[in-house]
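**Student:** Starting from the given sequences, assemble the full structure and let the hints guide the process.
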Amino acid sequence: MSLTNISVDKKPEGTIFSPELAARFDKLVTLYPMKRSALIPMLLYAQDEIGYLSDAAIAEIAHRLQLTVLDVRNVLSYYSMLRTRPAGKFNVQVCTNISCMLRGGQELFEHCERQLGIGHKQTTPDGVFSLEEVECIGACSWAPAVQVNYDFHDNLTPETLDAILAEYRSKASQ
Amino acid sequence: MADVTLTVDGKRITAPAGTLLIEACRKAGIEIPAFCYYPGLSLQAACRMCLVRIEKMPKLQTACTTPVAEGMIVATETDEIKQARKSMLELVLANHPLDCPVCDAGGECELQDMTFKYGAGGSKFIDIKNHRDEQQWSPVVFFDRPRCILCYRCVRVCNEGMDVAALGIQQRNASSVIAPNDKTELDCEQCGMCIDICPVGALTSDTYRYKTRPWEMTHIGTICTHCGDGCKTTLGLRRSEDGMQIVRGDNRDKSGLNGDFLCVKGRYAFDFSDSPERLTLPLVRQEDGHFETVSWDVAIKAVARGFREIRDTRGGSSIGVIGSTRITNEENYLLQKFARGTLGTGHIDHHRTTDYVSFIRALGGQKGRFASISDTASAPAVLLIGNDPTEQHPLLAWNLRTNVRQNRTRLYIVNHREIKLTRQAKAFVQIGSDSYAAFASFLSGGDSTAFGESATSLRDALRQEPNLVVIFGSELRGADVETLVKFGLSLPDTKFACLGDYVNSRGAADMGLYPDLLPGYVPVAASGAMQTEYGERFPAQPGMDLASMFEAAGRGQIAGMYIVGDDPVERLGIAPETLRDTFVVVQDMFLTGTAKLADVVLPTASLYEKSGTVTNTYGDLQGVKKAADRAGVRTDLELIVRIADAMGHDVRKLVPFGKGVRADMGQSRGAQSGEADRHAIWLAAHNLEPKLSPFDPNALLDEIQRVVAGYDFDRIDLLAGSSPQVQPASAELVQIAPPSSRPDSIQPSGDTLFTSGTLGHYSEKLNEVQAFQEKKALVAAD
Ligand code: SF4
Ligand code: SF4
Ligand code: SF4
Ligand code: FES
Ligand code: FES
Numbered sequence: 802m803s804l805t806n807i808s809v810d811k812k813p814e815g816t817i818f819s820p821e822l823a824a825r826f827d828k829l830v831t832l833y834p835m836k837r838s839a840l841i842p843m844l845l846y847a848q849d850e851i852g853y854l855s856d857a858a859i860a861e862i863a864h865r866l867q868l869t870v871l872d873v874r875n876v877l878s879y880y881s882m883l884r885t886r887p888a889g890k891f892n893v894q895v896c897t898n899i900s901c902m903l904r905g906g907q908e909l910f911e912h913c914e915r916q917l918g919i920g921h922k923q924t925t926p927d928g929v930f931s932l933e934e935v936e937c938i939g940a941c942s943w944a945p946a947v948q949v950n951y952d953f954h955d956n957l958t959p960e961t962l963d964a965i966l967a968e969y970r971s972k973a974s975q
Numbered sequence: 009m010a011d012v013t014l015t016v017d018g019k020r021i022t023a024p025a026g027t028l029l030i031e032a033c034r035k036a037g038i039e040i041p042a043f044c045y046y047p048g049l050s051l052q053a054a055c056r057m058c059l060v061r062i063e064k065m066p067k068l069q070t071a072c073t074t075p076v077a078e079g080m081i082v083a084t085e086t087d088e089i090k091q092a093r094k095s096m097l098e099l100v101l102a103n104h105p106l107d108c109p110v111c112d113a114g115g116e117c118e119l120q121d122m123t124f125k126y127g128a129g130g131s132k133f134i135d136i137k138n139h140r141d142e143q144q145w146s147p148v149v150f151f152d153r154p155r156c157i158l159c160y161r162c163v164r165v166c167n168e169g170m171d172v173a174a175l176g177i178q179q180r181n182a183s184s185v186i187a188p189n190d191k192t193e194l195d196c197e198q199c200g201m202c203i204d205i206c207p208v209g210a211l212t213s214d215t216y217r218y219k220t221r222p223w224e225m226t227h228i229g230t231i232c233t234h235c236g237d238g239c240k241t242t243l244g245l246r247r248s249e250d251g252m253q254i255v256r257g258d259n260r261d262k263s264g265l266n267g268d269f270l271c272v273k274g275r276y277a278f279d280f281s282d283s284p285e286r287l288t289l290p291l292v293r294q295e296d297g298h299f300e301t302v303s304w305d306v307a308i309k310a311v312a313r314g315f316r317e318i319r320d321t322r323g324g325s326s327i328g329v330i331g332s333t334r335i336t337n338e339e340n341y342l343l344q345k346f347a348r349g350t351l352g353t354g355h356i357d358h359h360r361t362t363d364y365v366s367f368i369r370a371l372g373g374q375k376g377r378f379a380s381i382s383d384t385a386s387a388p389a390v391l392l393i394g395n396d397p398t399e400q401h402p403l404l405a406w407n408l409r410t411n412v413r414q415n416r417t418r419l420y421i422v423n424h425r426e427i428k429l430t431r432q433a434k435a436f437v438q439i440g441s442d443s444y445a446a447f448a449s450f451l452s453g454g455d456s457t458a459f460g461e462s463a464t465s466l467r468d469a470l471r472q473e474p475n476l477v478v479i480f481g482s483e484l485r486g487a488d489v490e491t492l493v494k495f496g497l498s499l500p501d502t503k504f505a506c507l508g509d510y511v512n513s514r515g516a517a518d519m520g521l522y523p524d525l526l527p528g529y530v531p532v533a534a535s536g537a538m539q540t541e542y543g544e545r546f547p548a549q550p551g552m553d554l555a556s557m558f559e560a561a562g563r564g565q566i567a568g569m570y571i572v573g574d575d576p577v578e579r580l581g582i583a584p585e586t587l588r589d590t591f592v593v594v595q596d597m598f599l600t601g602t603a604k605l606a607d608v609v610l611p612t613a614s615l616y617e618k619s620g621t622v623t624n625t626y627g628d629l630q631g632v633k634k635a636a637d638r639a640g641v642r643t644d645l646e647l648i649v650r651i652a653d654a655m656g657h658d659v660r661k662l663v664p665f666g667k668g669v670r671a672d673m674g675q676s677r678g679a680q681s682g683e684a685d686r687h688a689i690w691l692a693a694h695n696l697e698p699k700l701s702p703f704d705p706n707a708l709l710d711e712i713q714r715v716v717a718g719y720d721f722d723r724i725d726l727l728a729g730s731s732p733q734v735q736p737a738s739a740e741l742v743q744i745a746p747p748s749s750r751p752d753s754i755q756p757s758g759d760t761l762f763t764s765g766t767l768g769h770y771s772e773k774l775n776e777v778q779a780f781q782e783k784k785a786l787v788a789a790d
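For the protein sequence lines, the chains are Y and G, in the order given. Residues in the first sequence are numbered consecutively from 802, following my numbering. Residues in the second sequence are numbered consecutively from 9, following my numbering.
Hints should not be assumed to be uniformly reliable.
So, partial list: chain G residues that the calculated Cβ filter (under 7 Å) puts toward chain Y [unchecked claim]: (1) I177; (2) Q178; (3) S183; (4) N189; (5) A639; (6) G640; (7) R642.
Under the rule of at most 30 Å between Cα atoms (straight-line distance), these lysine-lysine pairs were calculated in the DSBU-like manner [unchecked claim]: (8) K137(G) - K219(G); (9) K836(Y) - K434(G); (10) K494(G) - K434(G); (11) K503(G) - K812(Y); (12) K375(G) - K137(G); (13) K191(G) - K811(Y); (14) K19(G) - K94(G); (15) K191(G) - K922(Y); (16) K494(G) - K375(G); (17) K309(G) - K19(G); (18) K811(Y) - K828(Y); (19) K922(Y) - K137(G); (20) K783(G) - K812(Y); (21) K836(Y) - K262(G); (22) K836(Y) - K191(G); (23) K137(G) - K811(Y); (24) K132(G) - K812(Y); (25) K811(Y) - K783(G); (26) K890(Y) - K191(G); (27) K811(Y) - K784(G); (28) K634(G) - K812(Y); (29) K90(G) - K125(G); (30) K634(G) - K219(G); (31) K125(G) - K811(Y); (32) K604(G) - K219(G); (33) K634(G) - K604(G); (34) K219(G) - K633(G); (35) K661(G) - K309(G); (36) K309(G) - K125(G); (37) K125(G) - K94(G); (38) K67(G) - K19(G).
What the hints contain is simulated information worked out from the structure, not anything from laboratory work. The structure displayed is predicted, hence computed values, not measured ones. Using N, Cα and C, we set each Cβ at its ideal position, and we do this for glycine too.
**Tutor:** In structure tokens form, the structure reads like this:
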């Protein structure tokens with residue numbers, strides 16, 4: 802028995818993604834001169850569909866791009882918006898970078914911690930919210946800003962934020 | 009490329025265009041500090057230690073990535089540069105634990121040296137340092153993140169040098185961390201190259217960590233005792249209760265033919281020498297069948313008495329002798345001389361793992377046809393038939409990968425499995441495991457297309473290669489080797505290498521551990537000169553091979569056996585009854601299967617505990633130096649001499665030492681009569697002194713050089729630490745028809761990267777690594 806070159810990267814069977822996403826991936830890998838250029842878009846799309854980057858998702862993406870799982874992990878761990886654990890249904894990302902900080906971003910974040918009862922990168926027990934403190938999200942002109950999933954909310958105060966959170970909570974129970 | 013001229017620190021230097029500034033400076037004696045730059049690996053430019061000022065360039069530049077240019081004016085050590093380096097060091101040290109007093113690398117750490125030179129003693133940081141606990145990634149590799157300076161050397165050597173890619177880098181900025189490929193473990197070849205190349209103490213090895221301080225060790229450069237590639241290893245030694253203990257093996261000074269490479273065995277599997285199972289006292293079997301430990305004197309007398317009695321009553325030909333693939337050339341030479349000249353037997357053999365005889369015969373006495381191991385790193389084209397170097401010849405695999413990576417060498421592979429090296433191959437042809445012979449004929453055979461299209465185009469490509477190196481494993485034997493060699497010889501300037509398994513497999517063959525061949529592959533039938541060297545007991549007829557000796561012992565025809573450094577009983581599954589009526593003497597480090605059946609067991613020194621020479625499978629001859637020491641044991645050389653002496657043999661006739669010993673060897677008649685001292689004349693002609701002691705391996709090396717075809721290298725090369733290539737080319741051998749060698753006379757060891765014959769059983773670390781790999785293989789399988 803050869804004990805070298807054991808592949809920790811097993812070839813996944815089939816796909817774990819929806820037929821639409823799988824088809825999209827099939828196309829994506831053909832778009833770049835180097836296959837691996839498709840890595841970051843694929844990671845984002847996969848996260849959007851599954852909610853996080855599961856081991857199976859990572860393995861499949863590695864396989865599709867002929868990379869090692871380690872290669873994929875090297876890249877995904879670099880980006881804080883890519884996650885390997887499920888987040889809440891609504892991921893509340895509070896900016897505390899300079900412009901927002903000057904206009905109360907830090908207070909907003911602490912307010913969220915109190916309101917939701919969770920800290921940075923944590924998820925509420927009911928799975929509705931998760932909270933993250935993030936760097937500049939490009940909404941400085943309307944600081945302080947918060948991003949929930951892909952939606953922006955700006956020029957916030959603790960009170961307006963409460964209203965927004967309440968809205969999301971009611972959406973979750975619908 | 010054309011040379012360019014530039015000025016560095018006011019000194020004009022020239023270098024070929026395209027040379028990196030850092031290299032050009034180093035060649036001119038100007039050292040530019042560097043962490044991440046490592047010759048032979050891809051460029052990283054991560055550490056910014058090599059910053060220099062180049063006139064007309066706006067900012068400080070990294071010398072490790074800047075090619076030299078005509079007229080460039082460079083400053084390498086100005087106040088500005090020193091300040092830049094100091095600031096870089098401050099950042100590197102920001103999260104560093106400064107645990108130098110306990111760190112393995114303390115005293116030989118590049119970060120210490122650099123900090124010492126540029127002084128970043130104070131720090132502006134007041135924040136709490138990032139800490140991560142030390143992790144164990146495998147039985148041999150540990151990682152201590154806080155010490156890591158993120159130079160990426162480990163990642164690159166594993167990717168590029170090893171082609172394993174087990175290390176990655178995760179997170180970012182100050183949180184960046186080197187990560188293993190299998191969650192928290194390494195699924196890799198466990199070579200330890202990453203540890204070796206780490207400039208600091210972030211990657212450490214289980215065998216060495218927290219054991220000692222670098223300056224408390226003595227360092228001896230010798231040769232790895234495992235596979236047939238013969239890597240040089242520098243052993244770090246420390247005094248222990250009963251001798252000198254090996255605590256580390258590496259080749260950081262890149263002084264041998266392996267550069268800085270060592271595989272898992274060379275790097276860690278030296279612990280057998282400390283094994284509690286090591287024999288340190290001679291054992292003699294008593295009337296009641298038990299072993300009794302006895303003094304050396306008693307043991308040697310018992311051996312001498314036994315052998316003399318058998319020789320004098322039943323004749324020398326009732327004694328069989330088996331030599332070793334793990335002892336020195338000098339010892340093997342002496343052993344066969346003792347067998348032929350003292351015992352008077354022709355039954356002498358060793359564990360043959362490949363067919364050197366057919367190979368030497370096929371070359372027909374041509375010189376300049378042996379590929380040395382360094383040729384495998386530079387040849388423009390290589391054909392590899394059979395074998396799996398990743399498992400069996402790790403240095404060869406490393407060289408081939410390097411050669412492909414750096415020189416784009418054309419690697420052609422023919423194998424029955426898709427071995428790992430096929431990833432580097434220009435062409436790979438898969439054949440049946442029983443088709444090697446047919447493939448050899450296919451290569452030399454005209455226009456046959458028997459192996460299909462890809463094989464035919466491989467053959468066409470080979471036919472265009474003017475400097476091919478042909479490397480073949482033990483899959484090819486006998487006439488098939490000759491067929492392959494014939495094909496190679498039909499191309500211009502082809503060189504060859506025949507792959508045998510152990511450190512001195514080739515040496516054992518060259519030294520004549522064959523029943524039908526004398527040293528230098530001289531057939532016994534053509535023994536003229538040798539016979540006069542060895543004296544009147546010299547057997548005129550070829551003897552029995554290893555397997556036949558045991559069969560004969562079973563029939564009661566072999567009354568005595570002298571087995572040195574081999575375990576044929578275990579390897580061939582020989583039934584104990586076979587040796588019931590045979591007086592068996594075993595010289596070994598351990599109580600092997602064979603030793604258990606012996607009448608006398610003499611505990612011997614390992615290759616790390618003796619001096620002499622070994623010949624790797626490519627014919628590169630290298631010196632081994634006594635490094636470790638174990639109280640109680642003796643070298644095989646000493647034991648053979650002592651046994652001969654106790655048998656009443658004139659030791660001076662066995663080992664040429666002292667002055668004027670050879671004037672009359674008892675054959676003052678015929679053509680030899682009145683002959684002057686051949687050995688003394690040879691010594692004088694080679695500017696060598698007679699040696700003073702019969703235990704001096706150099707005395708035997710003198711004789712080997714004098715009588716063994718192809719060993720006439722310049723001694724100064726060996727003394728200078730290089731590895732002269734031997735080219736045994738016995739003209740006589742070629743003229744003699746191939747002996748009818750038994751098909752089972754060659755037994756490849758079947759070793760993998762994590763086993764090493766009998767010796768491997770006694771390396772705890774190797775066993776541990778093997779179990780770890782097996783566990784991984786199981787996990788990977790389901
Ligand atoms: S031990 Fe060798 S194969 Fe394993 S990670 Fe280190 S360099 Fe790579
Ligand atoms: S572990 Fe060592 S070799 Fe690897 S990046 Fe860190 S300092 Fe460099
Ligand atoms: S490649 Fe062979 S000689 Fe080199 S270290 Fe490994 S076992 Fe020893
Ligand atoms: S600093 Fe908050 S959005 Fe730019
Ligand atoms: S040596 Fe040039 S940047 Fe590291």
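**Student:** Hint by hint, say whether it matches the structure.
**Tutor:** Here is how each hint holds up against the structure:
| no. | hint | result |
| --- | --- | --- |
| 1 | I177 | holds (6 Å) |
| 2 | Q178 | holds (4 Å) |
| 3 | S183 | violated (9 Å) |
| 4 | N189 | holds (4 Å) |
| 5 | A639 | violated (36 Å) |
| 6 | G640 | violated (35 Å) |
| 7 | R642 | violated (36 Å) |
| 8 | K137(G) - K219(G) | holds (27 Å) |
| 9 | K836(Y) - K434(G) | holds (22 Å) |
| 10 | K494(G) - K434(G) | holds (23 Å) |
| 11 | K503(G) - K812(Y) | violated (41 Å) |
| 12 | K375(G) - K137(G) | violated (63 Å) |
| 13 | K191(G) - K811(Y) | holds (14 Å) |
| 14 | K19(G) - K94(G) | holds (25 Å) |
| 15 | K191(G) - K922(Y) | holds (22 Å) |
| 16 | K494(G) - K375(G) | holds (15 Å) |
| 17 | K309(G) - K19(G) | violated (71 Å) |
| 18 | K811(Y) - K828(Y) | holds (23 Å) |
| 19 | K922(Y) - K137(G) | holds (22 Å) |
| 20 | K783(G) - K812(Y) | holds (19 Å) |
| 21 | K836(Y) - K262(G) | violated (38 Å) |
| 22 | K836(Y) - K191(G) | holds (25 Å) |
| 23 | K137(G) - K811(Y) | violated (38 Å) |
| 24 | K132(G) - K812(Y) | violated (50 Å) |
| 25 | K811(Y) - K783(G) | holds (16 Å) |
| 26 | K890(Y) - K191(G) | holds (28 Å) |
| 27 | K811(Y) - K784(G) | holds (13 Å) |
| 28 | K634(G) - K812(Y) | violated (50 Å) |
| 29 | K90(G) - K125(G) | holds (9 Å) |
| 30 | K634(G) - K219(G) | holds (22 Å) |
| 31 | K125(G) - K811(Y) | violated (48 Å) |
| 32 | K604(G) - K219(G) | violated (35 Å) |
| 33 | K634(G) - K604(G) | holds (28 Å) |
| 34 | K219(G) - K633(G) | holds (23 Å) |
| 35 | K661(G) - K309(G) | holds (20 Å) |
| 36 | K309(G) - K125(G) | violated (63 Å) |
| 37 | K125(G) - K94(G) | holds (9 Å) |
| 38 | K67(G) - K19(G) | holds (22 Å) |
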